[in-house]
Amino acid sequence: MSARSNILNKLRAGLAGTTPRPDEFDEKLVTEPWQYAPEDRITRLRSLMEAVQTEIHSVSSNDWPAKVQQLLDSRNLANVLYAPGTGHGQQLAEHWQSAGAKQALLAYDRPIAEWKEELFWSVDASVTGTVGGIAATGSLVLWPDRHEPRLMSLLPPLHIALLKASEVEDNLYGMMQKHNWSAGLPTNLLLVSGPSKTADIEQVLAYGAHGPKELVVLILEDC
Amino acid sequence: MSQRIPVKDLTDSFRGRAVGALADDQLRTNFRVAMDSLMKKRADAFPDEHEREGLRELGNHIKARALSQLPDLLEQLEAKLTDNGVKVHWAETTEQANRIVHSIIEAKQGTQVVKGKSMVSEEMEMNDYLAERNIECLESDMGEYIVQLDGEKPSHIIMPAIHKNRRQVSKLFHDKLGVDETEDVNELIQIGRRTLREKFLEADVGVSGVNFAIAETGTLLLVENEGNGRMSTTAPPVHVAVTGIEKVVGNLRDVVPLLSLLTRSALGQPITTYVNMISGPRKPDELDGPEEVHLVLLDNGRSGAFADAQLRQTLNCIRCGACMNHCPVYTRVGGHTYGEVYPGPIGKIVTPHMVGLHQVPDHPSASSLCGACGDVCPVKIPIPELLQRLRQENVKSPAEQPKVKDGGAKYSRKERVIWRFWTRLNTSPMFYRLFLWGATRLRKLAPKNVGPWIENHSAPVPARRSLHDLAKAHLNQGDR
Amino acid sequence: MSERFYDAAPNATLVAPERAKPRVYPAKPTEVTLFGTCVMDLFFPEAGLDAIRLLEREGIRVHFPQAQSCCGQPAWTSGYVNEAREVARAQLNLLDNGLPVVVPSGSCAGMFRQHYQEVFAEEPDTLKRVESLAERTFELTEFLLHVCKVDWQDLGKPTQIALHTSCSARREMNTHLHARELLGKLANVERLDHDHESECCGFGGTFSVRMPEVSGAMVLDKTRALRESGAAEMVTADGGCLMNINGSLDKQQQPFRGRHLASFLWERVSGEHRS
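Note that the protein sequences, when read in sequence, are chains H, G and L.
The first sequence begins at 1 in the working numbering and counts up by one.
The second sequence begins at 1 in the working numbering and counts up by one.
The third sequence begins at 1 in the working numbering and counts up by one.
Worth flagging that the hints you see were computed from the coordinates, not collected in a lab.
The reader is advised that the hints may include incorrect statements.
Stated by the list, open to error - Here are the computed distance ranges between Cβ atoms for each label pair:
| hint | chain 1 | residue 1 | chain 2 | residue 2 | range |
| --- | --- | --- | --- | --- | --- |
| 1 | L | R23 | H | D40 | 40 to 46 Å |
| 2 | L | W152 | H | Q177 | 55 to 61 Å |
| 3 | L | P255 | G | A473 | 28 to 34 Å |
We put the beta carbon where it would ideally sit given N, CA and C, even for glycine.
Assemble the whole structure, with the sequences as input and the hints as a guide.
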């Protein structure tokens, strides 16, 4: 007998004569305490994320590349990783060219094995999109794909994320339902709620444990 | 009701280790300070009792429902994951699980493994198993890394190095990594970051645990704050997740309340920095992520606990650690006193099914049954009730067929005789009153050495007259 | 739902456990049975008598069946189910007459109300009697507060006290809420919080002799917190905790002491001064 059938048989024996419990999931418990007026959603997200050292700026959907440039300038960073196959990636590249930004634009356009070492050690910052935000917990939802790979939001010490103001939902449950997540998830769906941190030594909070030391969220007003 | 407990060799027992821990002032201070802070954080994270109690009820319901159809959910999970391109393995024992992990690494001719935090891999003693086969298996969670570097085991399931203070970590890094001593926690963490990033880059295989396995979508959900979990599951070409069979839940939406309960109960956070939901290996056109993803489902005694409807509730556990944070025993003796992977109240009720009661005979009785653990458990495991049940199984004679692995570890004919005597005393009014009469009249002769009680107390002296006598005189009546 | 018990004290452990369902209280009866408990019987009989006096003061006739002994809790919590059941059955037979049962110890009352149904889980016929006993069982402070609805005049001098409640009694019988409210009726008594007030004193029945070192560390911390609260004395409605705490204080040669709440209350309302 295989381990699989042994385990399943033992479990089935334990359940002999019983029926599965009915589903009594009460969605009110995970929605009602976490509802906000539309104008309060951003405020809530902002205060929660700022409480864990996230830097947040509101910018227009046209001007954000200039803000990125400014953030990199002020930190004296040499390069920034971007996703050339995305709309926001193209917008960033266009701005970079027209504004003559001095930082090198690094396109994540080849498999990791071809430049793993460089990605690990030499990238200063990255810009990624998000598919929304969650007010209740102060979280960004990232949906990495072939155009915008997973490690973009993890390896560089500075991660700049773009969040459309209109895409902030009240709570995780609402987000899941609205976008019908259970119908199909990407390889790696992520909720990101601040820069990497740890409290493993004496419960003292330290940022930049293994992921980004800094997280900057640019909230894009859609007008 | 104190009786003499025979003094045996205590050095390798809960009690023996507790004596050592209690004598270590630094350790006790580290734990008290840390647990007080964690209790406060949890309380602050649940400002509304109604919300909290409703959520705990829902958490309990979700886990109970999942367990009520566990074999079906495991099969559904397997089918979904397989569709998604994940290879699923089953292991009855930790030995089998280690062999599976080893063969995956061998197939890739791997020599370096980097591990995100996983209690199941601790259960497996995976690091040692792989080390014996010349494979380096490095912990990457900062706390786990510190503990591994010092050749220790975690003392808390969420905060593995909680027993150490910054001076101890500084000295450890200086000794083992050759860096300058510093008591700046930020600097210590940056030392860890640099050292481990090199390892993430080089690793052939990444190993992680799983917080929730979602059958509906074939998804492995991991929570963490550091990013090491994402590193371990994304950077190396192969990702192996190991988890207990009880971690499966039916629907994706089920994780919404469970996540909220987990992070708020554990550290008082509304959510962890990262919630990492993995539903497959790298797709052909994707640029990063592991090419292979494996899931090892481990039993290791869980099906034994599952067989009993009451003990099955131990499998509700979502590993938040709140029970240990609130336990007055754990707070005083620390995690290492338990001598096993899972310390604290939850350790006392899950460990016997894994290693048997002979290995941990004192686990059920090392509790005052104060109930703080059960009060805070986010999925409402009645821990005191289960401890009490384990005590029953622990004192059964072989003929009574204990229902827990190696039950009857504390069966003692002598103790049974004492309890029979106690029963006789308390069921025979005449005998009982004779006892009262004797104890009150001969109170001066009450034994001064009443076993371990007098280590902490003056010997109790019976009153001059019993309540039976006083009440009778006062009420001036006989029986009624 | 529960009322926060723990958040008043500095550095208190902020645990708010769930409570038993709110119970509906009957009108004040004319007769009750007092279940004295084995610890009180032998070590704190005067407190048991004070409980009787407090009840009589409310115009209630108290019965004390001489055949009573122990509720069975020590065997139950030690895993000796059969032994616990035999002893429990003896008490159940004795208390089967329909009279309300008042218990001056929360954990023993909790044994009647919460655990007898587990003890007799496999005896459906007995369970009906168990249910009846559970419905009729009241912890002393609960009974005085909610059934007698006492309205007292405090005849004692101004004093400050600390209150300790047994963990299981709190969980099973809400003793902390009742004791607090009752003490709140005494004009000259100020109740002071103590550090980690919600934390176990380390007694836990046989735990204190099976794990004496851990238990000892707990009671040492508890007695220190009580002494440092600034209170003149500690009161509690649980005999086990009282034996543990006073035994430790005596061993430490500390003058600070605890006493049973029944004695404290009787002194305040009768004006009778002892000690």
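| field | Distance restraint hint 40 to 46 Å, applied to the beta-carbon atoms of R23/L and D40/H | value | With a Cβ separation near 41 Å, R23/L and D40/H satisfy 40 to 46 Å, so the hint holds.
| message | Please check whether P255/L and A473/G have a Cβ separation lying inside 28 to 34 Å. | response | 32 Å, holds
| query | Quick one: are W152/L and Q177/H within 55 to 61 Å, going by C-beta? | reply | 57 Å, holds
The structure meets every hint from the earlier list without exception.
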